[in-house]
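Asker: Residues per chain, in single letters:
4 protein chains.
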Amino acid sequence: KAHSSLNGYRKSCWYEEEIEENLRFCFALNSILHTGATQYQEIALLDTKPFGKALVIDGKLQSAEVDEFIYHECLVHPALVYHPNPKTIFIMGGGEGSTAREILRHSTVDKVVMCDIDEEVVDFCKAYLAVNKKAFCDPRLEIIINDARREIESRKECYDVIIGDLADPIEGGPCYKLYTKSFYELCVKPKLNEGGIFVTQAGPAGIFSHTEVFSCIYNTLKQVFKYVVPYSAHVPSYADTWGWVMASDSPLVLSADEFDLRIKQKIRGENRYLDGKTFSSASILSKAVRKSLNNETHVYTEGAARFIYGHGSACNQNHA
Amino acid sequence: KAHSSLNGYRKSCWYEEEIEENLRFCFALNSILHTGATQYQEIALLDTKPFGKALVIDGKLQSAEVDEFIYHECLVHPALVYHPNPKTIFIMGGGEGSTAREILRHSTVDKVVMCDIDEEVVDFCKAYLAVNKKAFCDPRLEIIINDARREIESRKECYDVIIGDLADPIEGGPCYKLYTKSFYELCVKPKLNEGGIFVTQAGPAGIFSHTEVFSCIYNTLKQVFKYVVPYSAHVPSYADTWGWVMASDSPLVLSADEFDLRIKQKIRGENRYLDGKTFSSASILSKAVRKSLNNETHVYTEGAARFIYGHGSACNQNHA
Amino acid sequence: KAHSSLNGYRKSCWYEEEIEENLRFCFALNSILHTGATQYQEIALLDTKPFGKALVIDGKLQSAEVDEFIYHECLVHPALVYHPNPKTIFIMGGGEGSTAREILRHSTVDKVVMCDIDEEVVDFCKAYLAVNKKAFCDPRLEIIINDARREIESRKECYDVIIGDLADPIEGGPCYKLYTKSFYELCVKPKLNEGGIFVTQAGPAGIFSHTEVFSCIYNTLKQVFKYVVPYSAHVPSYADTWGWVMASDSPLVLSADEFDLRIKQKIRGENRYLDGKTFSSASILSKAVRKSLNNETHVYTEGAARFIYGHGSACNQNHA
Amino acid sequence: KAHSSLNGYRKSCWYEEEIEENLRFCFALNSILHTGATQYQEIALLDTKPFGKALVIDGKLQSAEVDEFIYHECLVHPALVYHPNPKTIFIMGGGEGSTAREILRHSTVDKVVMCDIDEEVVDFCKAYLAVNKKAFCDPRLEIIINDARREIESRKECYDVIIGDLADPIEGGPCYKLYTKSFYELCVKPKLNEGGIFVTQAGPAGIFSHTEVFSCIYNTLKQVFKYVVPYSAHVPSYADTWGWVMASDSPLVLSADEFDLRIKQKIRGENRYLDGKTFSSASILSKAVRKSLNNETHVYTEGAARFIYGHGSACNQNHA
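Chains as they are written, first to last, in the working numbering: chain A, 1 to 320; chain B, 321 to 640; chain C, 641 to 960; chain D, 961 to 1280.
Excised from the complex, chain A in its bound form:
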């Protein structure tokens, strides 16, 4: 009863993400596999044509089947490769399970603690993300449902590597306090073993977007650790280059060849994204980004934040 179409037709179901107010990235959809709301956030699992299965939390793409390996290999492997013998790992966040999956490929690793605040996201990912099924069952993995700060403070033991796999430090956002100088100084650093390494995702690191949070996270970590290595990689489904920062009080030096050798010795299976050369390239930032990072003066602190980034009363309420 409607118009017939002689020539086939265009894709008609779309996922649409507002990367920012003026910019949208849209994926044709095969199906909407699941939608729901947890105590903390809204989650959806979509089957997209360009990027496969996509986990969306609060309207933001978290990870897409076809290229999440870039994010997760970059988050996990540099720290675990630079560390000569990482045995115990603590993940702040990471409920999706992909970070644990990459860690568990390291033969040196004895124990992984993954501490996510949202039990329902963890259960959801356990149920729906086939690629992480094996990791979720690995006996070396302990899953804790708690606020990452409270959990790490309450624990007596230290870790070889601590990994921050949290939402960005947007003021008023749920994770802001897990990116401050005092948190790094008082909670993270004391829980690292001798020679331990901390690494965190650090938000978008594109030519324009790196000033949102990447440069501040870098500068904040520089106040706390002796050696800090920022690096980045383009993640197609994010429509941007993404950033990570690795930090330690032990020197972080490794040639591309040594990096490759350690990968071969330590990691089961083959990386799809990261090897020695890729990391060399990823850790040489482009001119403009390098300049901004060097010139960055802002340090994330709980006190300062309120005045520097505050957006009036609405925001203060979020802090309360």
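Think of the hints as simulated: they come from the structure by calculation, not from any bench. Fair warning: this is a prediction, and the values are worked out from it, not measured in the lab. Where a beta carbon is used, it is the ideal one built from N, C-alpha and C, also for glycine. One thing to keep in mind: the hints can contain errors.
Below are the BS3-like pairs computed for lysine-lysine, each with C-alpha atoms no more than 25 Å apart in a straight line [said to hold, decoys possible]:
1) C:Lys862 - B:Lys597
2) A:Lys277 - D:Lys1186
3) B:Lys331 - A:Lys53
4) C:Lys904 - B:Lys611
5) C:Lys931 - B:Lys584
6) C:Lys917 - B:Lys611
7) C:Lys693 - D:Lys971
8) B:Lys331 - D:Lys971
9) B:Lys584 - A:Lys49
10) C:Lys931 - B:Lys597
11) A:Lys11 - D:Lys971
12) C:Lys651 - D:Lys1013
13) C:Lys689 - D:Lys1013
14) B:Lys597 - C:Lys689
15) D:Lys1186 - A:Lys266
16) A:Lys222 - D:Lys1237
17) C:Lys693 - D:Lys1009
18) B:Lys542 - C:Lys917
19) B:Lys586 - C:Lys931
20) D:Lys971 - A:Lys277
21) A:Lys49 - B:Lys369
22) A:Lys226 - A:Lys87
23) B:Lys509 - B:Lys497
24) D:Lys1224 - A:Lys291
In silico contact screen, one side only, chain B against chain A (beta carbon under 8 Å); selected entries [stated by the list, open to error]:
25) Ser332
26) Cys333
27) Trp334
28) Glu336
29) Glu337
30) Val376
If you want a taste of the chain A side facing chain B, the calculated C-beta under 10 Å gives, among others [claimed, not checked]:
31) Lys11
32) Glu18
33) Thr35
34) Asp47
35) Leu254
Dock chains B, C and D against the given chain A, drawing on the hints supplied.
Answerer: Chains B, C and D in isolation, oriented as in the chain A frame:
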């Protein structure tokens, strides 16, 4: 690991229909219930936020849960109400089942033949459209999978009402030949009983869109039948006013009150859209549409079409 | 340097309107003719492919070149045709100028007062809407920049027809108080001459949307005037059927033929949308809408509104 | 007359690009500055909110004000920096003027020939792209309107650097023949002076998209030149990483420090994107891309293309 959103977020999954090249109508999606391809067309069943479940064929919305009653009441009831005692009905197309459902509400009806070319659409709608479940099981309904022209030609018996529930007569489209003067003259009219009525959906009937096919269908039927009544109604999910044309060699006259009386006598349950006054209003077309219909000179014929509507060689290929 | 496209390409610039949260209507764009912000609202004049030049205020389409005649003919002509000899007219709102343009086509009209609150919109439309140029220069037109209530209260003279061409009565919106029973009783009715008629646009009047404001405006006017006539018409660029309500203490009865005769006698040029039959059809509402209007019990009042429609403190602030 | 909006509203005018069939990138629009059609292509100049002024040809973003410097610095400076003393430059394509602009910053350069087939694009960019105004007037620049192959063949003189700033080598597309082995062998290489360098844009070079044309362009150039350097950079407005390939029969070796030194000696003004470290990073491709390039066996040839990349009869028609 992506930006957190402090303030909630916008709908992110959408169905997008190109009403025409320059015009889109987009519905937020709850889910994609089913997609598939039959021998003839691609079908999808979507769960949309503004219009409920929506059946989409070849990228065009066919019918939406919340307002399909407008289309189907308008297609079925005027003819069956005007006819004093409709017992046998033939539906050309109508695989969705909603046309049959409305017909079967008439207590006078003994037999409904529904002839659709696409078995898989019929099976799909049987399986998924709960609202038509009962109709599909009604013993008075006979479902035939065949080309409507071939079927009606092959049948000996005549019908009280014949209903055209087909795709629009776009040249080169699958249904073009079921809207021509010769088809009406040679196939439809001979198969109507004395006092029989033919009614067909007749495409968009808006202030601008009625010249696409509505006025020609009206004019073509005027060449074949003594009495022809065009009428229209706004269907929100189509983003347009839709048209139907009813035709007979017996006079089609009924006051709003008589119309209401017959509805009460003949139709089980209550109409949601159509009553006597509504039909009075629907059959008084607005000035511009009335004028176009009166001035229309084009008649759909198989021969003429090629030359009058042809768009050069590309189009002729479609005819081959 | 980018991908070449072999087969031509799709429209790439679009105007996108959120009709409601879950529904978008999108027009391909030729150009963005003007954008700006006044003291009260943001305005844009777009050149769209499907609907020509389109005036958009605060992200909502106000009127589109190709079909604004439907809205404005329906708003103006019924009242001025029903009134035997309309000489003086007061427009509340109407800054676009199209309402004045239609009024000024009536040969009986001596004086039109158009009272809009936003001088910049008036200036903008004067400058950009060629179709209303002549009307803006007509010596019978007096343009006043003021709040419509304050203006009409301050005036001593009465009018034959008063026309409400205002934004919908959304609570907290700028025009809410111009739709209340007390406003109609205390401000409008006393300013009508003997036999005078009031008419107002009344929001969407579609099968679902008529309960938003149309039924309440109708019911509110019924409390104040003896004779009230609601009517509606599909406006393609609004993706909906639109409603108007005409009210008077004198009977509002006119056959379609008398309506046509008066049009011929009184209106210069030819109407594109409205004639006697069109108005007959427009004033017979469909079953569901008729029923809702008859059953509507809500009356817009300033006091009641706060409690019935209030959305908490945010809304009360808007009332302050 | 439409709904009032209490809470502000979303961006409503958008440019929408289909990056591929299933992927769209959408920019909010300030205005559409110019649209038109030349003999060869459709062009538009848009003012976008996220990326400033954007030149769009045949529905594909060519270059955006805020980040075109990335593309053009990467296309021009490596070759002109690696070459010890580049005096004469030939640009195939480049009608936008930005490539010439970057070349003309080099103090060694005496003469730039820019050969674009589309005079109207050149005129359009001259008229509208303020950033290139000075370059278009530089006496060292000679603009030729011709097919690049015909032009370069007809010229007797050789060049120090030849630059390919053409649309991608899509089969059947306008530029396919300017990427083949025979073109490089018979037309480009003979027109390079001793020590001369050829560089070409080489299409998307993302983790997935690099197999479209980047790896083949690289492999084709490897058949013709002794030294070939592929490199890439993320360009935000393209929503992808982009690739270039530099080729020469003289060794292409330069440390990051030497690169920086030469920049200082040769280039007026300061680069925004490229310096020695950035180029080191850009020319170390990530693991997956490196692997594909090494394993690529396809070579662009005019004869082979038809069979290897043909998509059946539709495609062959494009060749006719």
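Asker: Keeping to a limit of 25 Å between CA atoms, is the pair of B:Lys509 and B:Lys497 held or broken?
Answerer: holds, 15 Å
Asker: Against the 25 Å threshold, does the CA-CA distance of C:Lys931 and B:Lys597 hold or violate the hint?
Answerer: Within the cut-off at roughly 12 Å; holds.
Asker: C:Lys904 and B:Lys611 were given as a pair; does the straight-line alpha-carbon distance stay at or below 25 Å?
Answerer: Distance of about 17 Å is within 25 Å: holds.
Asker: Does A:Lys11 meet its interface restraint, that is, does its C-beta lie within less than 10 Å of any C-beta in chain B?
Answerer: Hint holds; A:Lys11 Cβ to chain B Cβ min 8 Å, cut 10 Å.
Asker: Against chain A, with CB atoms and a cut of 8 Å, does the hint on B:Cys333 hold up?
Answerer: Since the shortest Cβ distance to chain A is 5 Å, the answer is holds.
Asker: Next pair to validate is C:Lys693 with D:Lys1009; report whether the Cα-Cα distance is within 25 Å.
Answerer: Roughly 22 Å between the alpha carbons, so the hint for C:Lys693 and D:Lys1009 holds.
Asker: So if I understand the rule, the pair passes when the alpha-carbon distance is 25 Å or less; does A:Lys11 with D:Lys971 pass?
Answerer: holds, 23 Å
Asker: Decide if the proposed pair is consistent with the structure: A:Lys277 and D:Lys1186, CA atoms, cutoff 25 Å inclusive.
Answerer: holds, 23 Å
Asker: Under 8 Å, Cβ to Cβ, is where B:Val376 needs to be relative to chain A, so tell me if that hint holds or is violated.
Answerer: Result: holds, 7 Å to nearest chain A Cβ.
Asker: Identify whether the interface hint at A:Glu18 stands, where standing means a beta carbon of chain B within less than 10 Å of its own.
Answerer: holds, 7 Å
Asker: For the pair we were handed, D:Lys1224 and A:Lys291, check the Cα-Cα distance against 25 Å.
Answerer: holds, 17 Å
Asker: Under the criterion that the straight-line Cα-Cα distance not exceed 25 Å, is the pair C:Lys917, B:Lys611 satisfied?
Answerer: holds, 12 Å
Going down the numbered hints, you'll see the structure goes against 9, 14, 15, 20 and 35, while the others check out.
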